[in-house]
Amino acid sequence: MILKRISIVNYKNIQAANLDLSPKINCLIGHNGAGKTNFLDAVYYLSFCKSAFGSRDSQLITHGRDFFVIDGSYTADDGQEENVYCGMKRGQKKHFKRNKKEYRRLSQHIGLIPLVFVSPSDSILIEGFSEERRKLMDVVISQYDHPYIEALTNYNKALQQRNSLLKQEEEPDAALLDLWEEQMAESGSVIYEARTRFVDELIPVFRSIYNRIAHDSEEVSLRYVSHGQRGDLLDVIRRDRAKDRAVGYSLHGVHRDDLEMLIDGYPMKLEGSQGQNKTFALALKLAQFNFLRRTVSHATPLLLLDDIFDKLDSRRVEQIVGLVAGEDYGQIFITDTNRENLDRILDHCGPEYKIFTVDDGDIEERKEEHDV
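In my numbering, the protein residues as written are 1 to 372.
None of these hints come from the bench; they were simulated from the model. It cannot be assumed that every hint is accurate.
In silico DSS-like pairs for lysine-lysine, Cα to Cα no more than 27 angstroms straight-line [to be verified]:
1. K157 x K243
2. K50 x K89
3. K157 x K94
4. K93 x K157
5. K4 x K100
6. K50 x K135
7. K97 x K4
8. K135 x K94
9. K167 x K100
All chains, full assembly: derive it from the sequences and hints.
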């Protein structure tokens with residue numbers, strides 16, 4: 001998938017931007033806080049109908065403005081032209097359209113424009129709670145498996161209803177508990193099986209990419225941990241109903257899943273250096289890209305790389321440059337404060353690139369000699 005043109009109005013600190021983009025590499029240079037990440041977030045929004053950073057839609061509108069608009073024109077791998085539009089007025093519902101036709105449900109859009117976003121905040125995958133690692137699995141699987149999205153929605157609804165019953169002062173209706181537990185188990189089994197397949201296929205790709213970047217200096221791995229591995233999920237959910245009642249929420253189910261991250265057999269969060277942590281998170285995201293490229297038949301994912309070189313030694317930077325400049329990757333967006341880092345990538349890429357300067361939300365293309 002190629003994003004040919006994008007128009008942004010009143011999105012965060014970007015008041016107006018109309019850009020024609022390179023089909024290969026697009027570099028954005030500017031100081032911290034200039035708006036580089038906000039631009040990438042707008043691109044992300046057109047794929048996922050939401051910000052990458054969990055912000056409410058109303059918080060995305062430029063201060064003092066009443067609306068935002070993001071409009072993108074794409075070309076799919078098969079040549080199909082696609083237009084994606086999102087507009088929202090303050091205090092009103094957002095409108096999301098594909099080729100001028102509004103979606104009935106936003107979940108119908110997920111997967112049309114596959115995308116992987118690599119950013120400094122990815123460190124939370126290693127350092128944060130299990131919720132962040134479940135979100136990582138959900139974001140990837142949802143882009144190629146629509147029944148998974150439905151199962152996730154149904155599971156979360158049943159979980160919320162069961163928890164509401166558990167919190168009641170009076171004894172909850174046993175028949176209602178049975179009903180919501182059955183729905184949790186049915187949808188949870190779909191989620192568990194999809195996550196299992198995903199992690200099994202991801203591990204060898206992830207290890208290969210990490211080893212290339214790190215020169216085989218460490219042994220890394222991933223381990224999926226789920227209550228679904230303990231037997232029939234309905235039995236597992238019901239096993240400690242009395243304890244769940246005592247604490248007021250559900251202690252068992254796929255909402256407690258985790259993806260353990262290991263280096264030389266030990267938890268990455270305890271043993272990894274800053275450079276190793278960054279390499280681990282980056283390799284994990286690039287493995288997701290590889291997975292989506294093989295899984296989503298109609299579209300090579302977009303790759304967004306936000307300030308990825310900080311805290312990496314020169315050897316690892318060179319390996320990353322060699323990876324992303326290769327033929328396996330399609331359109332790439334890269335941000336950095338340092339032109340030298342970007343030049344290392346551009347030296348591998350030939351003429352297929354554009355450079356944009358970003359200053360206080362203003363984005364302008366910088367003409368290079370290859371354009372003449």
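Each hint, compared with the structure:
Of the supplied pair hints, the one linking K157 and K243 holds, its CA atoms being roughly 21 angstroms apart against a limit of 27 angstroms. Between K50 and K89, the direct Cα distance comes to roughly 15 angstroms. Compliance with the 27 angstroms bound is thereby established for this hinted pair. Taking the CA atoms of K157 and K94, the gap is about 23 angstroms. The hint holds against a cut of 27 angstroms. Straight-line distance between C-alpha atoms of K93 and K157 comes to about 22 angstroms, which keeps the hinted pair within the 27 angstroms bound.
Taking the CA atoms of K4 and K100, the gap is about 17 angstroms. The hint holds against a cut of 27 angstroms. For the given pair, K50 sits about 14 angstroms from K135 by alpha-carbon distance, which is consistent with the 27 angstroms threshold. Taking the CA atoms of K97 and K4, the gap is near 17 angstroms; set against the 27 angstroms cutoff, the hint holds. Among the hinted pairs, K135 with K94 is consistent with the structure: their alpha-carbon atoms are about 23 angstroms apart, no more than 27 angstroms.
Simply put, K167 and K100 have alpha-carbon atoms about 45 angstroms apart, too far for the 27 angstroms limit, and the pair is violated.
When each numbered hint is compared with the structure, a violation occurs for hint 9 only.
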